[in-house]
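Visitor: All chains, full assembly: derive it from the sequences and hints.
From first to last, the protein sequence lines are chains U and A.
Each residue of the first sequence is one higher than the one before, counting from 1 in my numbering.
Each residue of the second sequence is one higher than the one before, counting from 1 in my numbering.
These aren't lab readings, by the way, just hints derived from the structure by calculation.
None of the values given here were measured: they were computed from a predicted structure.
Hints may contain errors.
All copies of an identical chain are treated as equivalent in the list; a pair is satisfied when it fits inside any one copy or across any two copies.
DMTMM-like, lysine to aspartate or glutamate: derived pairs with alpha carbons at most 25 Å apart [to be verified]:
| no. | residue 1 | residue 2 |
| --- | --- | --- |
| 1 | K282 | E191 |
| 2 | K419 | D197 |
| 3 | K57 | D305 |
| 4 | K11 | E75 |
| 5 | K95 | D315 |
| 6 | K11 | E191 |
| 7 | K11 | E83 |
There are 2 protein chains.
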Amino acid sequence: MSGTRSFQAPKGTRDFYPPQMAVRRHIEEVWRRASIDCGFEEIDGPTFEHLDLYTVKSGEGIVSELFSFRRAGGEDDYALRPEFTPTLARMAAAKGSSLALPTKWFAIPSHFRAERPQRGRLREFFQWNVDVIGLGEPDGEVEVIEAAVLALERLGLDPHRVQVRLSHRDAVAALLTSLGTPEPSLPAAFELLDRFDRLPPDEFARRGEALGLDADSIARLRASVVAVQPMSEPAGAMAEAMGVTAAQLASIEPLQERLRRSGLLEWCTFDPGIVRGLAYYKGIVFEIHETGGAERAVAGGGRYDGLISLVGGPDLSACGMGMGDVVLSLVLRDRGLLPADEGESLLPRPDAFAVALSDDAAARLPSVLQGLRRAGLHARSSHRASRNLGKLLADANKCRARFAVILDAGVAEGSATVKDLASGEQSDVAIASLADELAARIAAESAR
Amino acid sequence: MSGTRSFQAPKGTRDFYPPQMAVRRHIEEVWRRASIDCGFEEIDGPTFEHLDLYTVKSGEGIVSELFSFRRAGGEDDYALRPEFTPTLARMAAAKGSSLALPTKWFAIPSHFRAERPQRGRLREFFQWNVDVIGLGEPDGEVEVIEAAVLALERLGLDPHRVQVRLSHRDAVAALLTSLGTPEPSLPAAFELLDRFDRLPPDEFARRGEALGLDADSIARLRASVVAVQPMSEPAGAMAEAMGVTAAQLASIEPLQERLRRSGLLEWCTFDPGIVRGLAYYKGIVFEIHETGGAERAVAGGGRYDGLISLVGGPDLSACGMGMGDVVLSLVLRDRGLLPADEGESLLPRPDAFAVALSDDAAARLPSVLQGLRRAGLHARSSHRASRNLGKLLADANKCRARFAVILDAGVAEGSATVKDLASGEQSDVAIASLADELAARIAAESAR
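Guide: Shown next, in the form of structure tokens:
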């Protein structure tokens, strides 16, 4: 015991007071609704997993980026989940052949990264995960992208403000090979490309040379990476700009056709510079970026056929996406799509705010509140000792209540006064029918 | 890399597949709605805290019950949160004098305990926390209990099946002192009482003796602990049965009066054996138990005045409660209040299930789905290649869809057939007005 001292949240984590929590719930509800409307079903897993679930696919190198631990006296190594895909793969694997295909799952868990906090990257964050198991390319990807776009649209974004930037790892591999990258260096070349935007040009060149690319190849690679085009362009033009043959980019046409049919084409850009850092991705990969280019990726995803069998399950095709709350919130705030008041206006509005103007009324107040609450209404009261109606109604307005329920001398005859705090209209209502009356008025209001 | 191997969730944690997740969401939504209806506002904090936030109030002894860790290369000790009250106290302390009083907060985070998993106790669980800061006894407690009871009632429980068992630490302290417990042994005596139900009688006696109680005192203590009475009994009778003076139990009468006014009296029992293990509780303490006595406590709470100042904040009165999902789910299941199908029937029902009976129709299907989804409808389709209407409708019924949208030759004229899967009625609808039509039918159905 150290007496009085002050404590803070761990670096890179957040305290959510009611306004901040209202913003988080707003985003999570849009994610959840979009997932359900698109036919995904919600799952969740443990906050921590056996450490080797993460090392099996990413190697020991990932350990320094994890919060790992043992139980006192225990022998198992655990880690806080840095991403959800390994948990999802483990859960799919555990179902084995009983898993109905396709399976469309979503989850909104917290994730943890033991790296230095910076803009857009925290040590604890929430991430929407959307995955399709058992659909091949491009059907699975389009299902995932449709859900992502639906959520972004409901949050107020449009194709002018955000774009899904898609590429294909096979085409990028063909490009790298044609430029002279030896097969064993391809994973390292993908990692290098993933950092293209963040590396100074000469550092990019130096690292490219170390992978076996000469100066001319690096120049051509640089030109390819920036050959960004609207997804509605002919596939042949894309291949030419990227410097691969039409055959090497053959898989882009079915993707374009599926995106077109689902009304998603205008949301999408072909971007050969997108490769994604994660080792297990194959085929189509994508990131969602705000078009201004100021922030990190809002979301990223791709195909991970083979991962489920790696963790003991059947050999299933699978693809998915993760969208974190931190960068998304920055983008929404930049674009004026979150309340300027930090979230106060997103807090739930009370349906009724009950005030008592006499001792008799005050004695009756708790049962009036209980009656309203049992009827499913959000009901509050003032905790002031005041009997001043003006002050009490100021409390009601401060929390944006819809109706004030004023208890005064009328309680002796079982009557209260209901005041509509928007219109100012008021009328007497029997206390016994208060809940029905208010529920009816609120239903009528929301039907308008 | 170790090739194909199988992985499992860490011991004492859970995988939530869609049906289990639907059950969890059902319970969490009842908790959330009850909190909001009672005027509580939602907060959240980090999943892990600095370790000393837990040791400052509970001592070093708690460390063995925690999952604690450091970041690789870091110097700070962290622990996964075993309970939410320290985080809440820290957050209240950080607001200092700017915190509006009273403040009513709730949270539904996950919690972690590094102990051996057993029935009703897991290593990761979800807990509903309901707290009132700035209201004294008994007003704060009644606000908390009202929210708890509202949630339990909405989950299908009633006063015959669960009871809030209340006691008062001051009265129990007076009893222990009158029986000869030296002042410094009171905390240990509280801990012993907290285990009364779980210790064999002679072990209870042996430990009581070690605290300075003679055989006669132990017999009287045993009689006091079981002097359980309905909360509606006169306070004098309770004091007598418990073996304390009316003055020593004086604080029970205002509590009874407040519970009566809020219509909660029948949900409550006076139980002198309730003391709560946590060191920081004072005054009124309570647990919620199912009346059969088969399970652990569904919830527990009490007053923790002084805790907020201990972590650096102002000296504020505060009380609260935690209700975990594990024991609650066992009680609900025992009582038949959760679906017998493990949750399948709680999964979200699709509003529309679209099927295509021709190639032209299949080409149109994605845009029909997108139109329904953008309108806020939950829309699915079959992923079978089949054009057999019977098989496709079987898929629609399997996921309990409300309407089937059948696309066939009519798509050429922009028309689809809508079939109500409950009544079997069907009619042709223009594809352009499908979403409006279905939304109107669903609204009419839910208004009935």
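Visitor: Tell me, in ascending order, the numbers of any earlier hints that this structure violates.
Guide: 2 and 6
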